Every structure is written in C-alpha cells, then in structure tokens.
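Make the full structure from the sequences, and use the hints.
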Amino acid sequence: MIQLVPRQGVSNGWQIATPLLAVLATMVAGGILFAIIGYDPVAAIRTIFWDPLFGPAASYSRPQLLVKAAPLILIASGLAVGFRAGIWNIGAEGQYIIGGITGAAVALALYPLEAWWLFPVMVLAGLAGGWAWGMIPALLRNWFGASEILVSLMLVYVAQRIAAWMAFGPMRNPEGMGFPGSRNLQQYPSAANPELLTGTGAHWGVVAAALAVLATWFLMSRHIRGFHLRAAGIAPRAARFAGVNPQTLVAFCLGLSGALAGAAGLFEVSGPAGQVTAQLGVGYGFTAIIVAFLGRLHPVGILLAGLLLALTYIGGELAQLTMALPAATVQVFQGMLLFFLLGFDLLTRFQIRRSIAA
Amino acid sequence: MTANVFRAERIGKSYPGVRANDDVSFAVAAGEIHALLGENGAGKSTLVKMIYGLVRPDDGRMWLGDDPHAPTDPRAARAAGVAMVFQHFSLFDALTVAENIALGMENPPPRRKLAARITQVSHDFGLPLNPGRRIVTLSAGERQRVEIIRCLLQNPRLLIMDEPTSVLTPQEAELLFATLRKLAAAGTAILYISHKLEEIRAHCDCATILRHGKVVDSCDPRAQSARELAAMMVGGEMRVIDRSGRQAGDVLLKVEGLSQPAPSAEGMRLKRVSLTLRAGEILGIGGVAGNGQEELLAALSGEVRSTPGTIALEGRDLSSKGPEPRRVAGLLAAPEDRLGHAAVPDFSLTENTLLTAGARKALVRGGLIDHAGARTYAEAVIRDFDVRTPGPGTAARALSGGNLQKFVVGREVMQDPRVLVVNQPTWGVDAGAAAAVRQSLLDLARRGAGVIVISQDLDELLELSDRFCALNEGRLSDPVPTAGLTLDRIGLMLGGAHGMEEARA
Numbered sequence: 001m002i003q004l005v006p007r008q009g010v011s012n013g014w015q016i017a018t019p020l021l022a023v024l025a026t027m028v029a030g031g032i033l034f035a036i037i038g039y040d041p042v043a044a045i046r047t048i049f050w051d052p053l054f055g056p057a058a059s060y061s062r063p064q065l066l067v068k069a070a071p072l073i074l075i076a077s078g079l080a081v082g083f084r085a086g087i088w089n090i091g092a093e094g095q096y097i098i099g100g101i102t103g104a105a106v107a108l109a110l111y112p113l114e115a116w117w118l119f120p121v122m123v124l125a126g127l128a129g130g131w132a133w134g135m136i137p138a139l140l141r142n143w144f145g146a147s148e149i150l151v152s153l154m155l156v157y158v159a160q161r162i163a164a165w166m167a168f169g170p171m172r173n174p175e176g177m178g179f180p181g182s183r184n185l186q187q188y189p190s191a192a193n194p195e196l197l198t199g200t201g202a203h204w205g206v207v208a209a210a211l212a213v214l215a216t217w218f219l220m221s222r223h224i225r226g227f228h229l230r231a232a233g234i235a236p237r238a239a240r241f242a243g244v245n246p247q248t249l250v251a252f253c254l255g256l257s258g259a260l261a262g263a264a265g266l267f268e269v270s271g272p273a274g275q276v277t278a279q280l281g282v283g284y285g286f287t288a289i290i291v292a293f294l295g296r297l298h299p300v301g302i303l304l305a306g307l308l309l310a311l312t313y314i315g316g317e318l319a320q321l322t323m324a325l326p327a328a329t330v331q332v333f334q335g336m337l338l339f340f341l342l343g344f345d346l347l348t349r350f351q352i353r354r355s356i357a358a
Numbered sequence: 001m002t003a004n005v006f007r008a009e010r011i012g013k014s015y016p017g018v019r020a021n022d023d024v025s026f027a028v029a030a031g032e033i034h035a036l037l038g039e040n041g042a043g044k045s046t047l048v049k050m051i052y053g054l055v056r057p058d059d060g061r062m063w064l065g066d067d068p069h070a071p072t073d074p075r076a077a078r079a080a081g082v083a084m085v086f087q088h089f090s091l092f093d094a095l096t097v098a099e100n101i102a103l104g105m106e107n108p109p110p111r112r113k114l115a116a117r118i119t120q121v122s123h124d125f126g127l128p129l130n131p132g133r134r135i136v137t138l139s140a141g142e143r144q145r146v147e148i149i150r151c152l153l154q155n156p157r158l159l160i161m162d163e164p165t166s167v168l169t170p171q172e173a174e175l176l177f178a179t180l181r182k183l184a185a186a187g188t189a190i191l192y193i194s195h196k197l198e199e200i201r202a203h204c205d206c207a208t209i210l211r212h213g214k215v216v217d218s219c220d221p222r223a224q225s226a227r228e229l230a231a232m233m234v235g236g237e238m239r240v241i242d243r244s245g246r247q248a249g250d251v252l253l254k255v256e257g258l259s260q261p262a263p264s265a266e267g268m269r270l271k272r273v274s275l276t277l278r279a280g281e282i283l284g285i286g287g288v289a290g291n292g293q294e295e296l297l298a299a300l301s302g303e304v305r306s307t308p309g310t311i312a313l314e315g316r317d318l319s320s321k322g323p324e325p326r327r328v329a330g331l332l333a334a335p336e337d338r339l340g341h342a343a344v345p346d347f348s349l350t351e352n353t354l355l356t357a358g359a360r361k362a363l364v365r366g367g368l369i370d371h372a373g374a375r376t377y378a379e380a381v382i383r384d385f386d387v388r389t390p391g392p393g394t395a396a397r398a399l400s401g402g403n404l405q406k407f408v409v410g411r412e413v414m415q416d417p418r419v420l421v422v423n424q425p426t427w428g429v430d431a432g433a434a435a436a437v438r439q440s441l442l443d444l445a446r447r448g449a450g451v452i453v454i455s456q457d458l459d460e461l462l463e464l465s466d467r468f469c470a471l472n473e474g475r476l477s478d479p480v481p482t483a484g485l486t487l488d489r490i491g492l493m494l495g496g497a498h499g500m501e502e503a504r505a
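Protein sequence lines, in the order shown, are assigned to chains S and Z. So in the numbering used here, spot 225 of the first sequence is number 225, and the numbers just go up one at a time. So in the numbering used here, spot 319 of the second sequence is number 319, and the numbers just go up one at a time.
Derived by calculation from the structure, the hints in this document are not laboratory data. This one's a predicted model, so the numbers in the text were calculated from it and none came from an experiment. Every residue gets a Cβ at the ideal spot worked out from N, C-alpha and C, and that includes glycine. A hint or two may mislead.
[Claimed, not checked] With beta-carbon atoms standing in for the labels, derived distance ranges: (1) S:Ala58 x Z:Pro325: 54 to 64 Å; (2) Z:His371 x S:Leu214: 14 to 24 Å; (3) S:Pro6 x Z:Gly104: 58 to 68 Å.
[Claimed, not checked] To give an idea of the interface, some chain Z residues facing chain S are shown, with a C-beta separation under 7 Å as derived from the structure: (4) Gly322; (5) Gly340; (6) Val344; (7) Leu354.
This is the structure:
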C-alpha cells in the first residue's frame with residue numbers, strides 16, 4: 001500500500017521552487033505530448049514560450065502580453081484574497097461576464113452622449129455588476145449554508161446565457177444589420193478603453209491590475225482586515241475569537257473578488273473585445289484560478305504568474321498559426337501547469353512511503 | 001522473582017532533539033497499584049507507549065512475568081497481557097456498549113454471550129454498566145467504564161491507566177479506585193499515571209517519579225506529603241501561591257438569565273446562567289468538561305452574541321457586542337484550546353498578539369498594523385511571563401503547551417482587563433508554569449480586576465477562587481464561598497446544580 005506521510009519542517013525555499021519546477025515539468029511533458037502527436041517538440045516549446053517575446057514577429061505579439069495578463073492579474077488578485085481566507089470563488093468567469101455587461105449597459109444606454117465622466121461610471125458599473133454576481137453565492141452561503149464553490153460555478157453558466165441573450169436581444173446593435181453583438185465601444189470615444197501608450201498594449205485594465213496588486217499587497221500585509229483574513233483561512237476559531245464575523249468575511253471576499261472580476265470584464269468589453277457578444281467569456285476567470293495558485297496567493301507571485309499564463313495564451317495562438325498545433329494546446333498546457341503545481345506542492349508537504357501489509 | 005508482573009531495565013528512547021527516556025528501570029509487582037508520577041514532558045507517556053507497543057525503545061529491556069517483552073504493535077502487547085485505558089476514549093457514539101466492545105476484540109463472541117460477560121465483569125468489579133445502552137447517552141465516567149471493561153475482558157496481567165480521573169467527578173473517581181482495588185486484589189498489576197498528588201497518596205502502593213525522562217526517585221507515596229512529592233517531581237520547592245492583599249470591591253460583571261442554544265449537536269445548551277463578579281475577586285467555575293464550559297466562555301468573550309440585557313460590564317450592556325467592542329470595554333477572555341482558538345498555530349508570537357491586543361495596546365490604528373509595536377508587546381509578554389522561546393518571531397505551534405499557555409494568559413493579563421475570563425488556564429501545563437499562571441491571575445485580581453476561572457482542576461479552583469460555583473449540563477449553581485469547602489461537597493455540587501439543597505443540609 002502507498003501512504004502519504006507528512007514531512008517534518010517544510011523549507012520556505014520550496015515555496016518559490018515548486019512553481020518554477022511546475023513550469024519546467026509542463027514544458028517537458030508538453031514536449032513529449034507534441035512529439036507523440038507528431039510535432040517537433042523543441043520548436044513547439046520555443047514557439048510558445050520564446051517567440052512571442054523575442055521571435056521574428058515579437059513586435060506584434062509583445063503588446064498582447066499586457067492585454068492578456070491584465071484581466072488575469074486583476075481577477076487573480078481578488079480571488080487570492082478569498083482563497084487565503086478559505087473562501088472559494090470558482091465563478092470569477094461569471095462575474096467577469098456580468099461586469100462586462102453592466103458596464104457596457106451604461107454606455108449603450110447613454111449612446112451617443114460624449115462626456116468625460118462616462119468611462120469612470122462604466123468602471124463603477126462593471127465593479128457593481130461583478131460584485132452583485134459574487135454576492136449571490138455569498139448570501140446563499142450565509143443564509144442557507146450553500147457551498148459557494150458550487151453556486152459560484154453554476155452561476156458562470158447562467159451568466160453565459162445572459163451574455164447570449166444580451167447579444168441577440170436587448171443589446172444588439174440597431175445598426176448592426178441583424179448581426180448579434182452590441183455596438184462597438186471602441187468606436188465610441190467616451191466609452192472606449194484605448195491603448196494608452198502606443199505599442200505597449202497597456203490600457204486602463206493594465207493600470208487597474210497594477211493598482212490591484214498594490215492594494216491587495218497592502219491589505220494582506222499591512223491592514224488588520226488582511227490579518228483577519230489570513231487567520232480565518234488557517235484557524236477559523238481563532239479568527240472568530242479575534243472578532244471576525246464569518247458571514248461578513250464571506251460577503252467581503254466574494255464581493256471583492258466579484259467586483260475585480262467585473263472590472264476586468266468591463267475593461268475587456270470596452271477595449272480589446274469592443275462589444276458584448278455571446279462569447280464574452282473567454283476563460284480568463286478560470287485561468288485566473290491557476291494564476292492565483294501558481295503565484296502562491298501572493299500579489300507579486302500573481303503578477304509573475306499572470307504574465308506567464310498570458311504568454312501561454314499568445315504562444316499557443318502563435319503555434320496554431322505557424323505550426324498548425326491544435327487549438328486545445330493552450331488549455332492542455334494550463335491544465336498541466338496546475339496539475340504539476342498541485343503535485344509538487346503535495347510532495348513538498350508529504351512524502352510517499354510504501355508500507356507492506358502485515 | 002515471579003512476584004514482579006512487569007519489569008523495565010535501563011529503557012531509553014530518543015526523539016530528534018530530545019531524550020524522552022533515559023536509563024529508566026522499575027518494576028511493578030502483582031496486586032500493586034504503581035504510580036508513575038511526573039510533570040508534563042517528563043517522559044511518562046513515552047514510557048507507557050513503549051510498554052503498550054506503540055513506540056519501540058532504543059535501549060534497554062522489558063519483561064512481562066519471566067518472558068522478555070518487546071511488542072511490535074499494540075496487538076502483540078495485548079496478546080502478552082498488557083491493557084491500556086487512554087485519557088481520550090475511542091468509542092463510537094452511535095453504537096451500544098456491547099457493539100463498541102465487540103469492535104475492539106480479535107474474535108468477538110456472539111452478541112448475547114458478550115452481553116452476559118459484560119454484565120458479569122461489570123458486576124464483579126463494581127462498574128455498573130448496561131451493555132445495551134448507546135455511548136452517546138453515557139457520562140464521561142460511564143464511557144471510561146466501557147474502556148475499562150473492554151480491557152478487563154482480556155484478563156490483563158498489567159493494566160495501564162493514563163490520567164483516568166481527569167474527566168471524573170470526585171465521586172466517580174472514588175468508584176474507579178474501588179474497582180482498581182478489587183482488580184489489584186485479584187492479582188492484576190496496575191500502572192497508574194497521574195500528576196494529581198492527593199489521589200496518588202491515597203490510593204497507590206508505590207510511586208516511581210520521572211523528571212526529564214529519568215527516574216529520580218521511587219517511594220511509598222502514603223508515607224510522603226503532597227509537598228514532598230511535588231518537590232521530587234519538580235526538583236525543588238514548589239512556589240507558594242500568594243493570595244494576600246485582595247478585597248472585593250464594586251460589581252464589575254453581571255450576567256443575568258443567560259440562555260444560549262447549543263452551537264452544535266455535541267455542544268451544550270446554556271440554561272439561565274447568572275453570576276456576579278466584583279472587583280478584586282476570583283470566581284471559580286468547576287465542572288467536568290463538556291457541561292457548557294466552552295459555550296460559557298464563547299458567550300462571555302463575544303464569539304456568540306446573546307439576548308440584550310444578559311451581560312453587563314460596569315453597568316454597560318455588552319450582550320449584543322462582538323469580541324472587539326468587549327475588549328475595548330475591558331472584558332477579555334482566554335479560551336481553553338491554545339492552538340487554533342487562543343492562538344493561530346502558524347502565526348508568529350508577534351502576529352498572535354494582534355489577535356486580541358490590537359485595540360487596547362494601540363497595535364492597530366485606523367486599521368493599520370503597527371508591526372514594530374506588536375513585536376515590542378510580544379517581547380514584553382515573553383519577558384514578563386517567562387515564555388521560553390527563541391524570540392517573538394517563533395511560530396505559536398513551535399512552543400510547548402505550557403509556554404504557549406503562559407503567552408496566551410500573559411497577552412490578556414498585560415492588557416490590564418477589567419474582567420478576565422479564563423477556561424482551563426493550566427490544562428496540560430507543567431507544575432512550574434501552572435504556578436506562574438495562577439500567580440499572575442491572583443496579581444491581576446489584586447490590582448482590582450475581576451477574574452473568572454473555569455477549570456476541571458478542583459485543587460486549582462480551591463487554591464485560587466474566593467467563591468465557587470459548579471457548571472453542570474449548562475446550568476450554573478449558586479456560588480458558595482471557597483473557604484471551608486471540601487472536595488466532597490464540591491463533588492455533590494458537580495453531581496447536579498439542583499441537588500444543591502440536599503448538599504447544604
């Protein structure tokens with residue numbers, strides 16, 4: 001029989017080493033996979049991890065890095081706060097979609113008004129939409145003890161249906177010649193989320209992601225509420241004794257992560273995506289869970305992990321284009337990454353012992 | 001030589017960084033109740049675990065009768081004739097007595113036959129027990145009887161009892177000793193682990209005293225005073241507790257008709273608890289664990305809110321306030337469970353000060369944490385309460401039970417509370433640290449604070465408190481002055497608060 005036995009004393013070095021090992025293992029396993037299905041493994045890995053930054057077409061793909069990393073980091077920052085407190089919001093994807101819709105709704109309702117305050121109000125609406133969608137699992141947990149994991153996940157599918165309804169119904173562009181999808185906000189100056197510095201890909205979402213990293217760092221290490229969150233995650237009774245109300249905590253964590261996901265959705269709809277479509281959710285909300293864990297739930301780690309996962313998105317697309325790798329490559333890569341990370345984590349905390357049955 | 005049922009010769013056992021047992025030799029004769037006496041961490045548990053086959057010794061040899069005894073696991077130890085009753089019971093609540101006993105047997109006989117044997121054994125040894133009852137309906141004392149009968153059915157040559165009376169009322173303990181006496185008379189050797197000196201003096205024939213893993217002495221406990229035994233155990237004179245210089249002042253805390261539903265299926269309902277606490281006074285609340293102690297502490301600390309008008313500090317109603325406002329008002333608490341309730345195991349001592357001292361010590365201002373201030377406060381607690389630790393950066397889980405308890409009590413005491421409520425302040429704490437914790441509570445009361453001590457240790461309550469009440473099934477008895485109170489009378493109070501009137505007559 002194989003048993004897992006806790007190790008004595010886990011060093012801090014492994015905390016940093018395991019994510020790096022996981023990335024390495026993903027490259028190796030991915031390479032083997034590509035070799036099996038008949039691609040040159042070295043070329044594939046280089047296309048995914050190297051070419052987007054330093055390859056021949058890097059000037060096109062490099063700005064994409066920030067475009068993709070911003071929503072991941074923004075969402076993961078919020079999720080990590082909850083994960084630290086033991087509150088599992090798995091439905092950031094849904095909160096992202098709803099935030100995008102509510103934010104866009106403000107612009108679409110006021111079209112064609114031009115005003116400096118329009119975009120800020122849209123951001124607030126996006127935050128509010130994501131917050132409200134996150135409060136549903138929070139209230140259901142507080143009132144009825146429903147698992148926030150299941151409820152938040154299920155609400156993703158509800159949000160996707162709402163996005164489809166909006167794109168085909170109430171938000172359809174009246175001048176869109178019957179095509180589904182709202183007006184393009186990029187062509188609506190007051191509502192657009194443009195590239196702020198040409199060639200960098202940096203839009204307001206990048207600024208927001210940077211602020212989120214700073215703010216969550218401050219919250220978790222300098223503010224008493226962050227202290228209470230951390231305490232609640234590892235010793236709930238001690239947190240209660242300190243004066244933490246568990247229900248307030250649930251509402252805070254789901255509300256915060258929902259609001260940040262909602263803001264990410266708004267920045268996407270008003271920027272890179274441009275419009276509300278049925279395919280508004282592209283998986284950032286789920287990938288952000290990987291980002292949060294790969295980044296050790298630490299703001300700086302999340303920043304780095306967000307950039308890395310963004311790289312796999314861009315590299316994956318590039319590999320599709322240049323090497324005709326299957327489109328599922330990116331998901332396989334991201335899945336492997338989480339798998340290896342969790343596996344290595346387990347092995348740093350436990351050792352495998354084979355015991356012979358008596 | 002056959003008179004010795006069990007003999008250990010030069011037993012040694014090391015764990016990383018600590019020599020748990022060193023050169024331990026002793027013998028237990030047939031028909032003898034042999035006490036193994038020592039502070040927490042003296043090596044008592046390691047020693048009996050080796051006898052019971054849970055741990056293997058590094059050096060030395062053991063004999064059971066004339067045969068070498070080197071069990072590889074508890075099953076082998078049981079087969080050789082060693083039985084053990086643990087401090088914590090391993091019984092299934094939903095099953096009956098007979099079913100639980102059958103589960104622990106290698107080849108259980110048919111149900112009816114087993115029930116008959118259980119009845120027989122319980123009758124022979126004076127342990128009243130109905131084999132058909134479910135465990136969940138039994139008191140702690142009755143549960144222990146199940147464990148003992150489980151052992152007796154194996155006809156053990158050596159019976160090991162690990163702190164058996166810690167969960168019993170004095171009356172239940174008397175019953176247990178009567179049983180042990182009968183067993184000994186039948187020729188069974190009994191190894192009895194405890195740090196309660198009085199019961200060892202009253203009931204044991206011989207005592208082996210361990211300190212720092214070594215046998216420091218062996219004696220006839222009946223010929224020694226409790227003081228002398230304590231001195232052997234600790235290795236020096238016990239500190240004398242100073243109770244002087246206190247007088248009751250104004251009423252600080254008033255609890256009136258406090259009722260609380262049970263927090264969980266295993267929890268206890270609080271039933272119209274009322275008490276008054278004056279400045280400079282220590283109120284002792286006795287009772288066997290599980291009778292509402294944790295629930296009472298949670299209601300007083302603010303972890304659980306109560307009906308308005310039930311809890312007032314200096315005339316201010318705090319019933320609906322949470323822990324933080326109560327601390328600001330001056331009502332502080334130290335829960336029983338140090339790791340995970342009173343402290344976060346993975347946090348450093350510095351961070352653990354922030355758990356309760358943020359407001360009163362101004363370690364948190366406007367939500368911002370003053371890390372340097374927290375560190376200074378942690379250092380002060382470590383210094384004033386003699387917490388043995390490398391420094392304030394050490395994780396709480398790395399401290400021994402006694403040291404963490406000193407830290408937890410110190411963290412509250414040094415905030416100068418108006419009222420401090422402590423639950424089991426010296427549970428599992430060695431004698432030296434326990435004396436320091438008790439003295440700090442007395443000093444706090446002398447400075448004019450009110451202190452409520454909830455404890456299972458009746459000696460501790462008699463030593464500390466001015467008034468005593470019993471908490472039984474969620475009901476709190478009327479307080480009686482501690483002066484002149486005997487253990488017998490306390491036992492009757494613990495038997496049921498409603499039985500008080502007969503007890504007084």
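Evaluation of the provided hints:
The hinted range of 54 to 64 Å is satisfied by S:Ala58 and Z:Pro325, whose Cβ atoms lie roughly 58 Å apart. Hint check: Z:His371 to S:Leu214, Cβ distance near 18 Å, so the stated range 14 to 24 Å holds. Hint check: S:Pro6 to Z:Gly104, Cβ distance near 27 Å, so the stated range 58 to 68 Å is violated. Hint on Z:Gly322 holds. Least Cβ distance to chain S is approximately 5 Å, under the 7 Å limit.
Checking Z:Gly340 against chain S: minimum C-beta separation of about 5 Å stays under 7 Å; hint holds. Taken as an interface hint, Z:Val344 checks out: its beta carbon lies about 4 Å from the nearest beta carbon of chain S, inside 7 Å. Because the smallest distance between the Cβ of Z:Leu354 and any Cβ of chain S comes to about 6 Å, under 7 Å, the interface hint for this residue holds.
Against the hints set out earlier in the document, a violation occurs for number 3 only.
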